[in-house]
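Protein chains: 2
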Amino acid sequence: MLNETQIINQLKAHFPHYIGDDAAVIPSSGNQSYIVSKDLLIEDVHFRTAYFSAAQLAHKALQVNLSDIAAMGGKAQFVLCGIAIPVEQGQYAQDFLEALAIACKNAGVVLIGGDTTRSTGKLFISISVIGSSITENIKYRSTAKMGDVVCVAGNLGYAHLGLIACEQTLPDLSNYKNALLCPEAKIDEGLWLAEKSCVHSMMDISDGLYIDLKRLCASSQSAAHIELNDLQPPAAFKKICEHLHLDSIKIMLTGGEDYGLLCTVDNTHYATLAQAFKHKFGYSLQNIGTIVAGRGIYFTENAVPKQLELIPFSHFGEKL
Amino acid sequence: MLNETQIINQLKAHFPHYIGDDAAVIPSSGNQSYIVSKDLLIEDVHFRTAYFSAAQLAHKALQVNLSDIAAMGGKAQFVLCGIAIPVEQGQYAQDFLEALAIACKNAGVVLIGGDTTRSTGKLFISISVIGSSITENIKYRSTAKMGDVVCVAGNLGYAHLGLIACEQTLPDLSNYKNALLCPEAKIDEGLWLAEKSCVHSMMDISDGLYIDLKRLCASSQSAAHIELNDLQPPAAFKKICEHLHLDSIKIMLTGGEDYGLLCTVDNTHYATLAQAFKHKFGYSLQNIGTIVAGRGIYFTENAVPKQLELIPFSHFGEKL
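Chains as they are written, first to last, in the numbering used here: chain E, 1020 to 1339; chain Y, 1020 to 1339.
One or more hints might be untrue.
Identical chains blur together in the list; that is why a pair holds if it fits in one copy or across any two.
[Unchecked claim] Taking lysine-lysine pairs in the DSS-like style, the calculated list, with each CA pair at most 30 angstroms apart, reads: (1) LYS1325 to LYS1215; (2) LYS1233 to LYS1031; (3) LYS1094 to LYS1031; (4) LYS1124 to LYS1031; (5) LYS1299 to LYS1215.
By construction, these hints were calculated from the structure, which means they are not laboratory data.
Here chain E stands alone, though its shape is the one from the complex (with noise of 0.2 angstroms):
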């Protein structure tokens, strides 16, 4: 069967105008745009109820939907919930609903609607959420312009030693837990990053650096040069994923759900930005690599070119 990205690029073949970024937009009244985003959470295939309580997904499935408004460089709205319960699951279900309805109020928008029916199968969510945006801020994938420096704000590889320990259920290591079950969308960062002309393009990564910038490289037409010793490990984060005899870079290129931001920008203004950046929000926006010619993304340790073997970040080991 075909791949997400053949999907889409199926789709986009019939509606080139629209689909491909993070969110949709459409005409809202003067120099406003509506952004649209719809995301699916499938029970077995990107949460597991055994370790995520009915709260941590309802914050997670908006979170999940917050972070593609962000990453356009919108404020969320409103949200629509569509829900398929198996009957065993009706207490879960509702107090996800319940929880769903708290996240909401506590994230500013508000639940207008949805659909909800029983499920012969497993759990299933799917949330669509719409924000709005200066129609003139609005950050897309497909603006990457050559030279620009590839900037990532957030960890990069946290959720995915969360996904790790708990399917292992390995002890501790809540921080990384907690990267998985309640990740937090970049929020004040998209919309701040948004009123920036030197940021030229913006997504979230919500599937791994590797994958997702790979995505922005092709809507750009360019690609991507990641110089592998920028992009340091925590010490930390190293030395779990050592004991774990897990390959830290490999993690962090790969590793999905992590909703950090991932933008690209003018070279002239990357070192000002950082430092506002930092001033902001009190933490870096990483530098890991620069816009180039040709497609992909081409990586060098010491300046030394490098293929790397990497895997695609699926939840559970199977990928569509």
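Chain E is already provided as a structure; the job is to place chain Y on it using the hints.
Frame of chain E, contents of chain Y only:
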């Protein structure tokens, strides 16, 4: 576990202003609003691939949502599709998405995005549609007035007969099978009725007249009186029901998936409206009852009160 109405009421308590109609209304520009709906289609809850071709399912998935928009008096503009695909149904899903893209084009709506993922269980489809309308034309469930004529546009019970025919693999009955497999949303009728100020409330009939009219009455804090003699089944429909040992009136009252329109009309304007409707659309806007004080639905037969035991429609026996 809670049923769908209880779940909706639980969420409505948090967001009373929005939830409760076929679709939600959000601001757009000038005198326009956007109307947003979301519907789930779950394999073996709403459809079976045994008798739904991928193209039929795509057509229906779109029409079900277009019906929600039409029921509010809006015109659909944008569609998002989320789909979770079991590995063995890859080709079916691909055909579905291709057919959905074409169905969208034919309906003059733009597929702007969505999400695709695998499913470890059944095929799950979530469609969201965004339509628009002149704000003051939008019709709600909650605005029926005492004395209004209760009107139905479209056949009642046809899709239910079609479901029985498909489930029992009965020969012929293609008219009814088509009603189930290829419903046509009452798009033009919805827009036309929305322009009429004498139409006080409107919704679509997706779960059966009885349950949907009860919902409209509950929203409008009123009741409806139905004289069963006014609900005459067409001769051919009646004959088939008799042949299948079914009560044709009960099938008309409880059969779901017809996607007709239910509206309530100022009684002084009904006759003129019905004449204009017949002239415009070539079939009748049926008068099936009256909005009265109280709660629920009151039935009479030849003006004598009648109790009916009605089991709300569910596709394959179970109901959330």
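Okay, the hints, checked on the actual structure:
1. Taking identical chains as interchangeable, the C-alpha atoms of LYS1325 and LYS1215 are never at most 30 angstroms apart, the minima being 34 angstroms within one chain and 69 angstroms between chains.
2. For the identical chains of this complex, LYS1233 and LYS1031 are intra-copy neighbours only, at 17 angstroms inside a copy versus 42 angstroms across copies, given an alpha-carbon limit of 30 angstroms.
3. Within a single copy, LYS1094 and LYS1031 get their C-alpha atoms as close as 25 angstroms, and across copies as close as 23 angstroms, so both meet the 30 angstroms cut-off.
4. When the C-alpha separation of LYS1124 and LYS1031 is checked against a cutoff of 30 angstroms, the pair qualifies only between copies, where the shortest distance is 13 angstroms, while the shortest distance within a copy is 34 angstroms.
5. For the identical chains of this complex, LYS1299 and LYS1215 are intra-copy neighbours only, at 14 angstroms inside a copy versus 54 angstroms across copies, given an alpha-carbon limit of 30 angstroms.
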